[in-house]
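Student: Protein sequences appear in the order of chains A and B. This note's numbering applies: residue -16 is where the first sequence begins, and numbers increase by one. This note's numbering applies: residue -16 is where the second sequence begins, and numbers increase by one.
Take these hints with a grain of salt, some might be off.
[Said to hold, decoys possible] Here chain A is said to cover these stretches of chain B; the calculated rule only asks that three of the stretch's residues, wherever they fall, bring their Cβ under 8 Å from a Cβ of chain A:
no. : segment
1   : -2 to 11
2   : 21 to 31
3   : 94 to 102
4   : 118 to 127
5   : 254 to 264
6   : 399 to 408
Quick caveat, the hints were computed from the structure, so don't treat them as lab data. All figures in this text were calculated on a predicted structure; none of them were measured in a lab. Even glycine gets a Cβ: it sits at the ideal position worked out from N, Cα and C.
Protein chains: 2
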Amino acid sequence: MSDETVLDSSVPTVELPEAIRERDASTCARLISEMPAGDAAHVLSGLSDSERSDLLGLLDAETSAQVLEHLPEPQVLGAVESLSPAIAARIIEELPSDAQADLIATLDAEDAEAILTEISAEEAGEIRRMAAYAPDTAGGLMVSEFLRFPRDWTVRQVIEDLGEHAEEYADYDIQYAYVVDDLGGLVGVLRMRDLLLSRRADAIASRMIEAPISVADEMPLDELEALFDEHRFFGFPVVDERGQLVGVVHRTAVENALAESAESDFRRSQGIIGGEELRSMPLRVRSGRRLAWLSVNIVLNVVAASVIAMHQDTLEAVIALAVFLPIISDMSGCSGNQAVAVSMREMTLGVTRPGDFLRVLRKELSVGAVNGLVLGALIGTLALIWKGNIALGLVVGAALMVNTVVAVGIGGCVPLVLKKFKKDPALASGPILTTVTDMCGFFLVLTLAALALPYLIGV
Amino acid sequence: MSDETVLDSSVPTVELPEAIRERDASTCARLISEMPAGDAAHVLSGLSDSERSDLLGLLDAETSAQVLEHLPEPQVLGAVESLSPAIAARIIEELPSDAQADLIATLDAEDAEAILTEISAEEAGEIRRMAAYAPDTAGGLMVSEFLRFPRDWTVRQVIEDLGEHAEEYADYDIQYAYVVDDLGGLVGVLRMRDLLLSRRADAIASRMIEAPISVADEMPLDELEALFDEHRFFGFPVVDERGQLVGVVHRTAVENALAESAESDFRRSQGIIGGEELRSMPLRVRSGRRLAWLSVNIVLNVVAASVIAMHQDTLEAVIALAVFLPIISDMSGCSGNQAVAVSMREMTLGVTRPGDFLRVLRKELSVGAVNGLVLGALIGTLALIWKGNIALGLVVGAALMVNTVVAVGIGGCVPLVLKKFKKDPALASGPILTTVTDMCGFFLVLTLAALALPYLIGV
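Bound conformation, chain A alone (with noise of 0.2 Å):
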């Protein structure tokens, strides 16, 4: 009996491209409509290219805007250009308008204007407004599904509006409303508890919370989280710099902007830098956006390496020292990337700024100095255990000492300095780091072995 359930919990992924190919609308909607949502993304991820935009031709605008929302965002783009553009027009306009903007911001300026041609000119102008803002800012994060009134309505007029445009408002975050005057300059916040508690004649002006805090459209990711952190508000308004009243930025999108920073951060420093990747793209695409990355690091790569060839007699006459090479260079990368990972955190908790340069190098060439001399220690005796020879454990204990402390103070540093110059820290930390600190760990290594050299021949 258990094991039908499972069975009978994957079955969609096996109907799904049949009804597709056998056209079949009302079952494809159907398996769509039952699907379990952790089941959604795996499933529709799954279907190839062709089979995705058929299977967006055969439902109506809602349910494929349904669809699009469970997507990652290459795919989306990839089904959306596979429309015409009056079918993917129809399914834009079901879409929350945040996701609206990001797409048509993320579309071939063609591809968008052919799409935004199908729209009315009324909303196609908003979307292309949503769509101008950088998307980390207020502006690229905010709605514009929100409660707007006049300033001069009652609390009667509010009341019979809600009613009227209940199907509208389905979606709507209605815990505030906000109050504008003629020219849409944004006056006041309405609690929809104080409304709740009103008199229907009130004048919703009388009720309403005057000169509330917005945000300028501008306002960056960073700001607007210390902001979010202070108050515990659902919500800010947006003006531009009229003061005009144009969206609502809502905690949940700040949260999810930070959580795609972080995601995004993590696949920097693991070397995805030349746009996301899905295994469902193509290899050329695959395999070249990864060599982009690649082809840098080999490069210094061989600079760190030539430092190695410079001193090949040295190592010709200490052949063991070849062994220490890699771990000295690995284990100062390890402490440094420790480094990196305690310099961005404390950044993005708002504790540590790019100005307090001196205080982290003074905090991690403490820290570089103990766990220098431990490391060292033990790659020392490591090396005299090995080889009988306390030259050598000498030469790569110090080696890895000092490496330490250099690769910590460079791991603390460099985060604020690329911070400072507004250089993304997550992508460039790394290769500035391994560079440095594998070009000084085989210099110090193979120059300390030449000073130490009548004591090490024959190791």
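For chain A, the structure is supplied; the task is to place chain B on it using the hints.
Tutor: Okay, now just chain B, sitting in the frame of chain A:
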């Protein structure tokens, strides 16, 4: 003028420690309330431990709670532990229920008990109940601040209740109210908009949505994410195994937990694994936690490097190989890390599952073959040009090519396998990957070189 403005904004940093030293409670409170949102974390976490506990002793409980909400977790723990249980209890009472539970769950059992005995039995029981849930479950993420009304109430009773408890409900999300039976079982959801449009004499049971979607208190984060992806709701009611309504989990809490988890993945991939580090912690703690990871890593490194030691005679004969060993080790590590990042991302998006092992392997091997060919050709050509020896070029080129395929295969699959066995992919993928690819890379270079030795002598 502009210089002065800059100076002004940094004044609190200097003044706050002074006000604390002078035990000037009102200046402290003023400085904190006037502090710009973005500065609070930097200034408050920059205080010494004793300044921070003195500050909390001076402030009223509500302001102290605000201070705690600006601090990173380790500093919150330190500050609370330094206070008397009675004062800590007053401050904790001012925190939202999820923050209360998180804090109590993280404190030493003894400290937690001492504080809980200073809180009313009812509230302490509630905190204990919340603190018992695992952090990344519906129970651990939910709040107990939500509107809950008996099913036999009328709209008028609800509206009167909202008026009477306006203060208490100030931080509540009032988008929805939950309707319960006599035993506390969830029977319906009442949307505030519907309440607003109802007549006061209506029974709320006639306006509520019956049998609403609820989540089990044990539901893990990834299922919550899928559910919030599927539905546009702002929150779901949480029920225990008896169907009792125990809390509400908001979209914001889920997004926030996802951001935390992505950041923690990043930190662990960088070798911060013994617990989060702040540079304000004592040197002993910072150094010890980093060493815990580094000492595992040095063992893995020594194991990998032992492959070099075993082929020392080959290396001695062809010393130029020593230059290529670190390059091949590092490049393979990079290629493998890219595959790790793509697997982690695809699992987060739900498009790949642990069972998709073969598909991932197939996709990775094709990328690995292409990228291995390109990188192998690059490094092989470089070796050929450097030493004018074709055999050397073939050996290092072939080694990097094969090892790239190995690395992406392992990098792509290891996260899936770890996830299948409920291990943390962000933590263990890196070390497994680099140890295996280092060993394999060293082995390939030196074994191929041994086979081609007659053609390599003199390089």
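Student: Where does the structure disagree with the numbered hints, that is, which hint numbers, in rising order?
Tutor: Hint check: 1, 3, 4 and 6 fail, others pass.
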